[in-house]
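Please model the complete structure; the sequences and the hints are all you need to start from.
Residue numbers for the sequence shown, in the working numbering: 826 to 1011.
Hints listed in this document are in silico derivations from the structure and should not be mistaken for laboratory results.
All values derive from a computational prediction rather than experimental measurement.
It is possible that some hints are incorrect.
Using 25 Å as the maximum straight-line C-alpha spacing, the simulated BS3-like pairs for lysine-lysine come out as follows [said to hold, decoys possible]: (1) Lys859 with Lys992; (2) Lys991 with Lys859; (3) Lys876 with Lys859; (4) Lys927 with Lys859; (5) Lys937 with Lys992; (6) Lys927 with Lys991; (7) Lys874 with Lys991; (8) Lys859 with Lys937; (9) Lys991 with Lys937.
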Amino acid sequence: MELMPALSLGWLNGWILLVIEFVIQGGLLLIFPKDVVARLFDRSAWSPKQKAFTIIGKVFSLITLLLIILTPLKTGTPLCAAGLILYAAGIAGLVVAMVNFKDTPLDQPVTKGVYRYSRHPQIVALTIMLAGICLAIGSWAALLMLIISRLWQHLGILGEEEVCLKKYGEPYRDFMQRVPRYLLIK
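This is the structure we're talking about:
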């Protein structure tokens, strides 16, 4: 791992892995019913403060993505292999979480499937996937930007949980007490 690997445009950069993820996630969003997609991206009940935290997190996410796009994969290294394994696990987790989300009636909180292990499995899966790419490109800078983005976005996630409590009431409160926010972290 390097603090800041040399940046360049190339065919074997981390962007290849991002394209694969965007195609998979985008394909799912295209085949999901419109009301499910709207529910997934609904931020209408969030406070301006919650939206601001998420936007700041997204700025750091954008920096992470730019570093990934401009950094070559460290092909042939054990670190790249480990990163690709994490990446694949993240993609698989994301697909399962999105399908679980889609299969839940709109008037109920999503609590089945991988949501039994994490209240936010899509975020967990995306973080694992992006961390895998950061390892595959061997960039501490990209990994640091990812961590900072997730810390800011965590504040937005707290807002999402407040909205879910108001919308779903006691069933969501019970869900919060049973299931950790991020996988093993209660």
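Agreement of Lys927 and Lys991 with the hint, judged by alpha carbon distance not exceeding 25 Å: holds (21 Å)
Holds or violated: Lys874 to Lys991, with C-alpha atoms at most 25 Å apart: holds (17 Å)
Within 25 Å, alpha carbon to alpha carbon, are Lys991 and Lys859? holds (23 Å)
Does the structure keep Lys876 and Lys859 at a Cα separation of 25 Å or less? holds (23 Å)
Holds or violated: Lys927 with Lys859, Cα cutoff 25 Å? holds (10 Å)
Would you check the hint for Lys937 and Lys992, treating anything up to 25 Å between C-alpha atoms as holding? Holds - the C-alpha atoms of Lys992 and Lys937 are around 18 Å apart, at most 25 Å.
Restraint check for Lys859 with Lys937, where alpha carbons must lie at most 25 Å apart: This hinted pair holds, its Cα atoms lying about 21 Å apart.
With a cut-off of 25 Å on the C-alpha distance, tell me whether Lys991 and Lys937 pass. holds (20 Å)
Can you confirm whether the C-alpha distance between Lys859 and Lys992 stays at or below 25 Å? Satisfied, since the Cα-Cα distance of roughly 20 Å is no more than 25 Å.
The earlier numbered hints are all upheld by this structure, with none contradicted.
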